[in-house]
Amino acid sequence: MENKEIQNVLSEMAEVAGYLWHRGWAERNAGNISVNITGLIAKHEITKPKPIRYPQTFESFNRLHNEVFLMTGTGTRMRDLAKNPAGNTCIVTFDEKSGVSFSACRDNNENNLKPTSELYTHLAIHKMLLEKKKTHKIVLHTHVTEFIRLTQIKKFKQTRTINRLLWGMHPEVVMFCPKGAGFIPFILPGTKKIAERTVKELEKHDIIIWEKHGCIAIGSTLNETFDNIDLLAKSAGIFFACRNAGFVPESLSDMQINRIRRAGHGL
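Take 157 as the starting number for the sequence shown in the numbering used here and just add one per residue.
It is worth saying that the hints were derived from the structure and are not from the lab. Treat the hints with caution; some may be incorrect.
To be verified - Restricting the straight-line Cα-Cα distance to at most 30 Å, the calculated cross-link-like pairs of lysine-lysine (DSSO-like) are:
1) Lys289 - Lys199
2) Lys270 - Lys390
3) Lys313 - Lys283
4) Lys311 - Lys283
5) Lys335 - Lys283
6) Lys313 - Lys368
7) Lys368 - Lys283
8) Lys290 - Lys313
9) Lys335 - Lys270
10) Lys313 - Lys270
11) Lys199 - Lys290
12) Lys289 - Lys356
13) Lys160 - Lys290
14) Lys356 - Lys310
15) Lys239 - Lys288
16) Lys239 - Lys310
17) Lys199 - Lys288
18) Lys239 - Lys289
19) Lys335 - Lys360
20) Lys390 - Lys239
21) Lys360 - Lys349
22) Lys368 - Lys335
23) Lys368 - Lys348
24) Lys311 - Lys270
25) Lys239 - Lys199
26) Lys160 - Lys335
27) Lys311 - Lys239
28) Lys310 - Lys348
Stated by the list, open to error - Label pairs and their in silico Cβ distance ranges:
29) Lys310 - Gly195: 44 to 50 Å
30) Gln412 - Glu158: 39 to 45 Å
31) Lys199 - Lys368: 26 to 32 Å
Think of the CB as a built atom: it goes at the ideal place given N, C-alpha and C, for glycine as much as any other residue.
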């Protein structure tokens, strides 16, 4: 594909995929990415193979009829995406006639690559972003080791305690992630239930921690989305480093956190 704008998106996907792999957040075929590329590609640039049928019902996604998405393929590895983004992604369009099928295509489509197994969740999130008129174009799911560790601890399996911990470890988290992260107790991945719960939480947060399963995040660009995940992960990492050294971290006080918030708002 000669489309330069799509090539730029693919290059950024490759860059971030490399970060995820090297951080240890993308073992085997873990993680998935989708980008709304509507407006970056013309219909005639998309060659459509046979529609792909899914067991789940997708009728509620009629809002996406005119949208085009670039997604990682099911079973693909981030380390491979980093080296060959075009060969590990597919373009997804909604079938306007039936409302339940999708066409996936790529430049070298000999394997008829299918979209990520978390397709339902990705589409549900993109639908919400459009309906809420948000500027976010990115949905990124990755197995952040620090979040998986954190949600092995009963105390931190709730939004309030997770965010108090993350804000307390590092002032940059208060500055750049003022909404903190949402939290969802364990739900079977790839299901309609986890999609619906995630969409609801993303109306309040840009990052959702899935119990024992990493996180899913939204952003305007892939690098911005990665940066926010990386920042929260560092804060969790500081907590565990202190505990491994044999002491409970002191944490920023509520007063210090509020002062940082006010400074961030120019008050």
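Quick rundown of the hints versus the structure:
1. For a cut-off of 30 Å, the pair hint linking Lys289 to Lys199 stands: about 23 Å separates their Cα positions.
2. This hinted pair does not check out: Lys270 and Lys390 have alpha carbons roughly 33 Å apart, beyond 30 Å.
3. Of the pairs offered as hints, the one joining Lys313 and Lys283 holds, with about 28 Å between alpha carbons and a cut-off of 30 Å not exceeded.
4. Between Lys311 and Lys283, the direct Cα distance comes to roughly 33 Å. Violation of the 30 Å bound is thereby established for this hinted pair.
5. Distance check on the hinted pair: Lys335 and Lys283 sit about 21 Å apart at the alpha-carbon level, within 30 Å; holds.
6. The hinted pair formed by Lys313 and Lys368 meets the criterion: a straight-line CA distance of about 10 Å does not exceed 30 Å.
7. Under the criterion of a C-alpha separation no larger than 30 Å, the hint pairing Lys368 with Lys283 is consistent with the structure, at around 26 Å.
8. Annotation: proposed proximity of Lys290 to Lys313 holds, straight-line Cα distance about 28 Å (limit 30 Å).
9. A C-alpha spacing of about 34 Å is found between Lys335 and Lys270, which places the hinted pair above 30 Å, so the restraint is violated.
10. For the suggested pair Lys313 and Lys270, the alpha carbons sit about 33 Å apart, so the restraint of at most 30 Å is broken.
11. With a C-alpha separation of about 24 Å, the suggested pairing of Lys199 with Lys290 holds against the 30 Å cut-off.
12. Taking the CA atoms of Lys289 and Lys356, the gap is about 15 Å. The hint holds against a cut of 30 Å.
13. Using a Cα cut-off of 30 Å, the hinted pair Lys160 and Lys290 holds, with the two alpha carbons roughly 25 Å apart.
14. The suggested pairing of Lys356 with Lys310 holds, with an alpha-carbon distance near 23 Å, which does not exceed 30 Å.
15. Distance restraint check for Lys239 and Lys288: the Cα-Cα separation of roughly 35 Å exceeds the 30 Å cut-off, and the hinted pair is therefore not satisfied.
16. Pair hint Lys239 plus Lys310 does not hold up; C-alpha atoms about 39 Å apart against a cutoff of 30 Å.
17. Between Lys199 and Lys288 the CA atoms are separated by roughly 25 Å; this keeps the pair inside 30 Å, and the hint holds.
18. Distance check on the hinted pair: Lys239 and Lys289 sit about 34 Å apart at the alpha-carbon level, beyond 30 Å; violated.
19. Pair hint Lys335 plus Lys360 holds up; C-alpha atoms about 7 Å apart against a cutoff of 30 Å.
20. For a cut-off of 30 Å, the pair hint linking Lys390 to Lys239 stands: about 26 Å separates their Cα positions.
21. Restraint check: the Cα-Cα separation between Lys360 and Lys349 comes to about 18 Å, which is no more than 30 Å; the hinted pair holds.
22. Taken as a hint, the Lys368 and Lys335 pair is honoured in the structure, with Cα atoms around 21 Å apart against an allowance of 30 Å.
23. For the hint linking Lys368 to Lys348, the alpha-carbon distance of about 18 Å falls within 30 Å, and the restraint holds.
24. With a C-alpha separation of about 39 Å, the suggested pair Lys311 and Lys270 falls outside the 30 Å cut-off, and the hint is violated.
25. Simply put, Lys239 and Lys199 have alpha-carbon atoms about 27 Å apart, close enough for the 30 Å limit, and the pair holds.
26. Distance check on the hinted pair: Lys160 and Lys335 sit about 35 Å apart at the alpha-carbon level, beyond 30 Å; violated.
27. In summary, the hint linking Lys311 to Lys239 is not supported, as the alpha carbons are separated by about 40 Å, beyond the 30 Å threshold.
28. Only pairs whose Cα atoms come within 30 Å are accepted, and Lys310 paired with Lys348 is accepted, the gap being roughly 25 Å.
29. At roughly 46 Å, the beta-carbon separation of Lys310 and Gly195 lies within the given 44 to 50 Å, and the hint holds.
30. Hint check: Gln412 to Glu158, Cβ distance near 53 Å, so the stated range 39 to 45 Å is violated.
31. With their beta carbons about 41 Å apart, Lys199 and Lys368 fall outside the hinted range of 26 to 32 Å.
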